[in-house]
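Asker: The residues making up each chain are set out below.
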Amino acid sequence: MPDNRDDGQRTRVFTRRAFIKGAGAAAAITSFIGGPTPPSAGVTRAQSSPTPASGAAERLGPDAATIVLTVNGKSRKIAVEPRVTLAEALRDHLGLHGTKLVCDRGACGACTVHLDGNPVVACMMLAADARGHEIVTIEGLGAPDRMHPVQSAFVEADALQCGFCTPGMVMSVAALLSRNPAPDMGEVKRAVAGNICRCGTYPHVFKAALAAAAKMRGVKPPGERA
Amino acid sequence: MNRFEIVTPLDVPHASQLLAAPHHAALAGGVDLLDLLKQGIAAPTAVVNLKGLRGMDAIEPDGRGGVRIGALVKLREVAADPLLCDRYAAVAEAAAQAATPQVRNLATVGGNLLQRPRCWYFRNPDVKCLKKGGERCYALGGLNRYHAILSGGPSFIVHPSNLAPALIAFGASVKLAGAAGERTIGLEQFFILPKADPARENVLAPGEVLVAVTIPAPAPGARSTYIEAREKQSFDWPLVSVAAMVARGGARRVSDVRVVMGAVAPIPWRSHEAEALLRGAHLDGEVAARAADAALKDAVPLSDNAYKVPIAKALVRRAILRAGGIEEPG
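Protein sequence lines correspond, in order, to chains Y and E. Numbers 96 to 321, taken from my numbering, label the letters of the first sequence in order. Numbers -16 to 313, taken from my numbering, label the letters of the second sequence in order.
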C-alpha cells in the first residue's frame, strides 16, 4: 500500500497545493470575520456515531460525525458532515488527491474510484454512504515505483496530455480488465464511455488498455510483431 | 449543498413515516438527489437512506410468469441480468444505455423512474419556473431544443427516464408503500402530465416509497428493443428514445404491440395510434413507416425542437422493425 501522504502536512516542503490550501484558508478566515455566514465549524464538533447494529435506525449529522471508510485496504477514520461526498472525503480529509474533482456532477469521470471492484463516480456518492464498502483509489492501484500494468501501459502508450482525466481513465480500464481480461476495442470504448478527456487522447487510451490487457495475460500487445 | 442529517430507517414502514415529514428526501443511489442538492433545487433537513432496506435489491421471478425488480437494483444489474436480457430485451437495453458505467454502478431502478427532469430552467437555481412554484415555463419562448413536442403545457419538460418507456412497453406496474399500506399501480398511470400538476411528474404521495417494479409475462413470441438518438455517442441524455415490443402470431401478423417514446413528452409517451395501426397488420417497412407517422401526427414542436419529429419517426420505424425481427434494408 502506498504512503498516503497529505501534501504540505507531513512535510514542510513548499508545494503548489499547500500554497493554494493556505490561500483558501486565508480567504475563509476573511469571510468568517466579514461575512454573515461563517464556514462550517468542521471537525471540531465531531461526535462519535458508530455503525448501527443491524435493524437499528441511525441518525448522522448534520454536524460532523466520525465515520470509518475502508480505503486502499486500510480503515480510515474521518470526521465529516453527512453532506460531504466521497470525492471530497478522499481529497480533503484523506489527502488522496489522485481522485480528481472536475464537473462534480457525475458527468466527466475524473473522480472514478472502485467501490467493491466496480467503477463509480465518487462525486455522486455521500462519504457516509460508502461505509462498509471497499474503496480503491488510484493511489491504491499502484505507485510510481510499482505501477499497475494499466498505469505502465498509459505511460508507454503516451495516453495522456494534461493528465487530469488520467486517474479516472486508469481506474475505468483497471476495473474492466479485472472482470474481462481480453476485451475487444468496443468493450474498451464502452468501459471508458464515462471518462471525458478534453485533450482528446482517446486513441492512445484505447491502445494502452489493449496493451495492458495483453501484458496481464502474458501475450504480445496487439500490433506488435511476433 | 445545505446541511442535513442522514437517517437510516428500520424498515419500509419506518421509511414511509420518515418521508412523510416535511423537508425529508429519499436517498437510494443518490445520483439525482446529489445533483439536486448541489444545485440547491432540493434542500432537505434530513435524507432518508433507503439503501439498507431489505427485499428491494433483487431481480426475481414474480411467481406468475413475470419478473419483480426491486427498486434498489442498480442499472448495471438490470443491463446484465440474463432473464431480462432474454425475455425483456428492451428493459436491459434501456438500462445499458443510461448514463455512464460509473453512474450505472450507483444509480437504481427506483431512482431512474423518479429522477427529476433535466430541463435547464428547472435545474437552474436562479430560475423560479412553473415547476418550482413560479409563474411560467421558460421553455415557451425560451431555449427549448430539448423540450417536449407532444402533450406539453403548461410545463414543457420531457421525462428523462430510459427505463420507463421500456417497462411500459411490457405493461409494468410499480408497488408503492406508504402509511396507508401498499398499492400497486400501472407504470403508465404512475406518471402524470403537467396539466394535472406542473410541480410533479408522478403520483407518488408524500411518505410513499417505490418498492419494486413488476413486469408481467411477455406475450407469446414477443420481442422488444430500445433505441435512442443522442448528440454525443459515448453517453448523453436521449434527444428521443423509443421502446417497442412486437409479438407476431399466425401468418406472421402482429398479435400484440406497444410503442413508447421517451424524451418527447412530459411523461413516457405511449402511442396508441401507432399500436392500433400495427395490430393485426402484416409487418413490413411501409406499415412501420405509417405507424411512425401516426405516432407523431399530434406533435406540436416549439421554436427550436422541430428536429425531434423526423428523428422520432425514424426511431419508431426502426424500433418496430427491429422488434418485429425485420432487417431494415440499407
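For the record, the hints were derived by calculation from the structure and aren't laboratory data. Among the hints, a few may not be true.
[What the hints assert, rightly or not] Within a straight-line C-alpha distance of at most 20 Å, the following computed EDC-like cross-link-like pairs (lysine to aspartate or glutamate) qualify: (1) Lys21(E) - Asp187(Y); (2) Lys296(E) - Glu214(E); (3) Lys34(E) - Asp279(Y); (4) Lys169(Y) - Asp187(Y); (5) Lys21(E) - Glu153(Y); (6) Lys21(E) - Glu282(Y); (7) Lys215(E) - Glu282(Y).
[Said to hold, decoys possible] In silico contact screen, one side only, chain Y against chain E (beta carbon under 10 Å); selected entries: (8) Cys218; (9) Met242; (10) Pro244; (11) Ala288.
Given the structure is predicted, the values throughout are model-derived calculations rather than measurements. Backbone N, C-alpha and C define an ideal beta-carbon position, used for all residues, glycine too.
Asker: Each of the hints needs a verdict: does it hold here or not?
Answerer: For each hint, the structure was consulted:
| no. | hint | result |
| --- | --- | --- |
| 1 | Lys21(E) - Asp187(Y) | holds, 18 Å |
| 2 | Lys296(E) - Glu214(E) | holds, 17 Å |
| 3 | Lys34(E) - Asp279(Y) | violated, 35 Å |
| 4 | Lys169(Y) - Asp187(Y) | holds, 17 Å |
| 5 | Lys21(E) - Glu153(Y) | violated, 24 Å |
| 6 | Lys21(E) - Glu282(Y) | violated, 32 Å |
| 7 | Lys215(E) - Glu282(Y) | holds, 18 Å |
| 8 | Cys218 | holds, 8 Å |
| 9 | Met242 | violated, 22 Å |
| 10 | Pro244 | violated, 20 Å |
| 11 | Ala288 | holds, 4 Å |
Hints 3, 5, 6, 9, 10 from the earlier list are contradicted by this structure; the remaining hints agree with it.
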